[in-house]
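Mind docking chain B on chain A? Use the hints.
There are 2 protein chains.
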Amino acid sequence: MSKIRVAVLGYGNLGRGVEFAVKNCPDMELYGVFTRRQPESVKTFGAAVFSVDDILNHKDKIDVLVLCGGSATDLPTQTPEFAKHFNVVDSFDTHAKIPEHFAAVDKSARDGKNVGVIAVGWDPGLFSLNRLIGESVLPNGNSYTFWGKGVSQGHSDAIRRIDGVLDARQYTVPIETALEQVRQGKNPNLSTREKHLRECFVVAKDGADKAKIEQEIKTMPNYFADYDTTVHFIDLETLQREHGGIPHGGFVLRSGKTGENGETNHIIEFSLKLDSNPEFTSSVLVAYARAAYRLNKQGQSGAYSVFDIAPALLSPKSADELRKEML
Amino acid sequence: MSKIRVAVLGYGNLGRGVEFAVKNCPDMELYGVFTRRQPESVKTFGAAVFSVDDILNHKDKIDVLVLCGGSATDLPTQTPEFAKHFNVVDSFDTHAKIPEHFAAVDKSARDGKNVGVIAVGWDPGLFSLNRLIGESVLPNGNSYTFWGKGVSQGHSDAIRRIDGVLDARQYTVPIETALEQVRQGKNPNLSTREKHLRECFVVAKDGADKAKIEQEIKTMPNYFADYDTTVHFIDLETLQREHGGIPHGGFVLRSGKTGENGETNHIIEFSLKLDSNPEFTSSVLVAYARAAYRLNKQGQSGAYSVFDIAPALLSPKSADELRKEML
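As they're listed, the protein sequences go chains A and B. Just so you know, we're using the numbering used here here: the first sequence kicks off at 1 and counts up by one. Just so you know, we're using the numbering used here here: the second sequence kicks off at 1 and counts up by one.
In isolation and in its complexed conformation, chain A is listed as follows (with noise of 0.2 Å):
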């Protein structure tokens, strides 16, 4: 059987992490990375590299098509533009524009008699599946969602933009105590506070005000003012050693209630420990990159997310070996 053929746009750390998830899989193989730079200036892991320019001259060569641009300002017009020409995948995750996006991905997919699966990674993608089954079980209850440990390049970025600062690496952590009395099923309401806290590394210019940079982080509205941010100054090289990488997950909880009275409790949990989001979230995206290619081929086109794919479709295996292996 012939394989998936997976192209990638835009080569980051997500890009790369498709050209190593692809690797991977028997089933696919890397027909190359197109990117809006010179090709010759980017370097890959043996993928071949062309200019996005001429990517409509490889479409007949190309299954799937996953879009490793950001979110602000890349695939809100990469996804629906690509769509029309190819099945698609993107990690769209602006949580407030995700029906718009997924309203613009579903007319030129369905245009151009192509899928486009959307807002795929692990959250949105992974966690939300969590929140929604666990919700669907046990629609008497609560859900949690907790983050990290974990780096925020978000919040990172916000502390170098302080005068004053060389550079910082930001970690999101949730509160042990809070997770704990959801996990006994107590439900609490948990404040912004109570769920997380911040932890900054910060390295500092020379001569640099490391009190004042220190009550700029802690009291930033948004980023830090609401939570318990605790702020540590360290040399470049310890930085550079210690908080190179760029881990992440979290927690998924859903806490209900069945029985006559809602008297008997049931703890749903998820969790994911990720020693590099970028690579993990390449992962999730060819698992779907796999799915596109086959709801194409049934025949299907539009916007999809994670809701809208039956789980079998993202495996290599068949209907016949996952209910004999695994179910």
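Read the hints as simulated data drawn from the structure, not as lab findings. Be careful, since some hints might not be right.
Since the list can't tell identical chains apart, any single copy or any two copies may satisfy a pair.
What the hints assert, rightly or not - Listed below are the simulated DSS-like cross-link pairs for lysine-lysine, each with C-alpha atoms no more than 27 Å apart in a straight line:
no.: 1; residue 1: K113; residue 2: K297
no.: 2; residue 1: K149; residue 2: K186
no.: 3; residue 1: K107; residue 2: K97
no.: 4; residue 1: K107; residue 2: K317
no.: 5; residue 1: K149; residue 2: K324
no.: 6; residue 1: K317; residue 2: K186
no.: 7; residue 1: K317; residue 2: K97
no.: 8; residue 1: K84; residue 2: K107
no.: 9; residue 1: K84; residue 2: K324
no.: 10; residue 1: K97; residue 2: K84
no.: 11; residue 1: K107; residue 2: K297
no.: 12; residue 1: K195; residue 2: K324
no.: 13; residue 1: K324; residue 2: K113
no.: 14; residue 1: K324; residue 2: K107
no.: 15; residue 1: K97; residue 2: K113
no.: 16; residue 1: K59; residue 2: K297
no.: 17; residue 1: K61; residue 2: K43
no.: 18; residue 1: K59; residue 2: K113
no.: 19; residue 1: K97; residue 2: K195
no.: 20; residue 1: K218; residue 2: K149
no.: 21; residue 1: K324; residue 2: K97
no.: 22; residue 1: K84; residue 2: K59
Just chain B now, with coordinates in the frame of chain A:
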């Protein structure tokens, strides 16, 4: 909008659980319970009771029939039989016989233009889903399933059959150190004995030889011989007071690697902590009853497992609501 009319066949722990679960679903109503016993002898929590002999007279008033019989003798014949006339959902859990059960249900459900969802619950069921998703997302890795802490009905029954035993309760207990090794990404090879231990609470008859009972339990092939087993003799009152519930649960873990040379570790963990095994299983059955009804409304027929059903079908919410609120 009219509600989904659910009926139950078989009113034991599972059937009672369905009666409770439907009450938590505003889009569903319980049409009634069908029984092989004398209907007058079945005491429900309000549900109407009918003889199963009359069930075809109710055909047009039932949207989905939830089959609450046992996997050993009831479901292998009941599910194919009733799938001819109704959309059905069952909790068939004899793993080795799932392929033949699926084939039998598929044939008669297609003949009757109905949908039959088999092997629904948590294992098989939600645990299977997590095994599939874990392996699909992280193909380079290992899967682990641990069960417990929870009551095993089969093992409790096996103890009760021993001469001199009045009553017994057996708990399957996952071994914490093994779980921890998996969580740390060590990918251990675990023997049966290393994954679970078995804890037995036994009420002996007056004058019975306790040492002999204990020996017989610990050496029982298949059930206990391959495990570290502890036996506690207690009195009947203590058994009823402290071991009257049917709790269960467990863990599905996927430990996988990504990166250029598999140097990055990830752990996916799904766990359940259930105060009532049958009430939770019933809650899963009811969510999949909703999906069975909807699939059939879409014109589908045949057998399905949890692998074949898009998660959105489990929720009473619309696709738009789900994307907006939960993605």
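Where does the structure disagree with the numbered hints, that is, which hint numbers, in rising order?
-> When the structure is compared with the hints, none of them turns out to be violated.
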